[in-house]
Structure formats: structure tokens, C-alpha cells
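Asks: Residue numbers (full-length UniProt numbering): 1 to 318.
Everything labelled a hint here was simulated from the structure, so no lab data went into it. Just so you know, even glycine gets a beta-carbon here, dropped at the ideal spot from N, CA and C. Heads up, a few of these hints could be off.
[Claimed, not checked] Here are the simulated distance ranges between beta carbons:
(1) T226 - V264: 24 to 30 Å
(2) D186 - E296: 28 to 34 Å
(3) H99 - R291: 40 to 46 Å
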Amino acid sequence: MGFEHPNQTAHGSPDHVNDIVANPGKAGSPVTVIGLGKMGAALAAAFLKQGHPTTVWNRSAGKADELAKQGAIPAATIAEAVAASPLIVICVSDYAVMHDILDPIGEALSGRTLANLTNGTPEQGRQTAEWAAALGADYLDGGIMAIPPMISRPEALLLYSGSERAFEKHQRVWESLGTAMYLGADAGLAPLYDLALLSAMYGMFGGFFHAAAMVASERVKAADFTSLIIPWLNAMMTSLPHLAQAIDTGNHATDISSLDINHVGFVNLIEASRGQGVGLDLIAPIQALIRRGVAEGYGSDGLSRLAELLRQPAFKTP
Numbered sequence: 001m002g003f004e005h006p007n008q009t010a011h012g013s014p015d016h017v018n019d020i021v022a023n024p025g026k027a028g029s030p031v032t033v034i035g036l037g038k039m040g041a042a043l044a045a046a047f048l049k050q051g052h053p054t055t056v057w058n059r060s061a062g063k064a065d066e067l068a069k070q071g072a073i074p075a076a077t078i079a080e081a082v083a084a085s086p087l088i089v090i091c092v093s094d095y096a097v098m099h100d101i102l103d104p105i106g107e108a109l110s111g112r113t114l115a116n117l118t119n120g121t122p123e124q125g126r127q128t129a130e131w132a133a134a135l136g137a138d139y140l141d142g143g144i145m146a147i148p149p150m151i152s153r154p155e156a157l158l159l160y161s162g163s164e165r166a167f168e169k170h171q172r173v174w175e176s177l178g179t180a181m182y183l184g185a186d187a188g189l190a191p192l193y194d195l196a197l198l199s200a201m202y203g204m205f206g207g208f209f210h211a212a213a214m215v216a217s218e219r220v221k222a223a224d225f226t227s228l229i230i231p232w233l234n235a236m237m238t239s240l241p242h243l244a245q246a247i248d249t250g251n252h253a254t255d256i257s258s259l260d261i262n263h264v265g266f267v268n269l270i271e272a273s274r275g276q277g278v279g280l281d282l283i284a285p286i287q288a289l290i291r292r293g294v295a296e297g298y299g300s301d302g303l304s305r306l307a308e309l310l311r312q313p314a315f316k317t318p
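Input sequences plus hints: build the corresponding full structure.
Replies: This is the structure:
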């Protein structure tokens, strides 16, 4: 049974608890949030905003103070936190920390839904799903494609995979956080999509940082140059569906921008960067991949060929 708290009398009655067990996805159903870093605190605040009685717990108890002012119920122990709600949402730094917290009270998860919104790998997601199933818990792995200030807004995308029953049962709860997307029963899908989307983001940021460093060598402010970068990148984004089709079909033929052409252009980019005193850390790997494609006889192919080369690495990463 859930622990009692002075602020919990209205929603802690037996009739209310029985109603929640029967209808766990309804508006106002209780949620426990474990982990109150910036993201975890944002999740808890969003649940409170939508009227969900929210129990919170963090290893550093002081992090619950601000949420308590908003109506959250701080749990004294992790066992009390888990007992308080049929739905447990955990968002911590990594899966090792998650297990450090939950392993000692694992049996208490039986009959509950565990939604793990901790960033991790597909394999970690699958292993954790097996671990949760052995304990009798429904498990969802999740990826948060948002920063904390975006949580509860439609542009916040949260990806879920694992138990379809758990996703559908708590649909209204997920909608408190933003746009919810269910990817499938394989718990590794949400981490996979999460990391793949992050890789696209980091690639964009990497290109921006290199460009900013290049123009800064001539005292051009990044803020001024950004007015050119944004429309340029937006224009390039329109080519992604075509590139995606080429990747899916394996037809990399092009009459627009071949690897041969980009190989020549990249030589100039490298030389100019060196001449301006800008490091090659972010762009040298791309040049190496283009050079490899040309060397392997794919010079007439388009840039989409690079995706296939990445799936057939010339060397294994450490």
C-alpha cells in the first residue's frame, strides 16, 4: 500500500486507490518520479500541472523541496516512493544508477509499470525489460527528445518502446509530458531512435561550430553569420527525403553532387581551415569517409553512399 502523507488525504482514500488501480491511465492518476535532476524535476512538474498526484524521490532529498511547494509528495525512502503509485517513472544519469536505486527493492515493482526515461543503449533497454519482466513489472523504455524547458509542450517528443499495454494504459499520463510516440514492443527501439536523433543533432552542431570558428578567424561574429547558416541548412534539409530513399533502395546514382565532386571540394575546406588556424577535429572524419568511398570505386555515387559505408566500417571503433 502507498505511504500516507499530510497532503495525500484526498487522493489516498481506499475508494480512490481502487479506482486508480482499475483506471490507471485516467486524468489525475498518481505517478512516482525517481530522479530529480533538471529533467526529472521537469517531468514531475508537468505531472503536477496536469493534476496527477506526484510522489518524488531523489538520493539528495533537498532536490524535492521546490517540487513539494508545487504540491509534490516527497518520499522518505525509495520503498515508499515505489509503493505510492502504480506508475513509476525514473530518469537518472545512467542505467547503472537506475539499478543501484531499484535493485534493492525490485520485488516491490511487481504489478506496477516502470517507465525508464534514462538515456541508454538499445541493449541496455532490452536487458532492463527482461529484468523488469522477471520481477512482474510492465516495462517501457523511453527517449526524451527535448530539453527540460520544453517538457509539457507539444514540441517535446517522447519516444516509448516495450509493453504496449503499459503505453496504452497510461496514455494520458504520457501526454502530460508532450507528444508521445510508441515505437513497438522491442524495448531497444526507443534508445536506438533517441541516440540516432542525437547523432543527427550533434552532426548539425558540429558543422555549426566549425563554421563559426572559420569566420571568427576573420572577426566575424557567430551571431551575424548565423543569419546565413539557418536558411542554408533549411534549404539543405529538403534533400533529406531524397537521400533517405537512396539509402533505403541502395540506388546512390546522382547527377547533382557526387563523391568525386565533394572530394575535391573537401580538399579546399581542409586547406582553408588550416590556413585560418581552425582545427579539423569535426570535419576530418567526413573527409576520410568521402576519400574511402572514392577509393572503393564509388566516386560517381551521391553522398547517400556514405551511410552504407558507415554500416561496413573499414575499422572497428574502440
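Asks: Confirm or reject the claim that H99 and R291 have a C-beta distance inside 40 to 46 Å.
Replies: Holds - the Cβ-Cβ distance for H99 and R291, about 43 Å, lies within 40 to 46 Å.
Asks: If I claimed the Cβ atoms of T226 and V264 lie 24 to 30 Å apart, would that claim hold in this structure?
Replies: holds, 28 Å
Asks: Lying within 28 to 34 Å: is that true of the beta-carbon distance D186 to E296?
Replies: Because 33 Å falls inside the window, the suggested range holds.
The structure agrees with every numbered hint stated previously.
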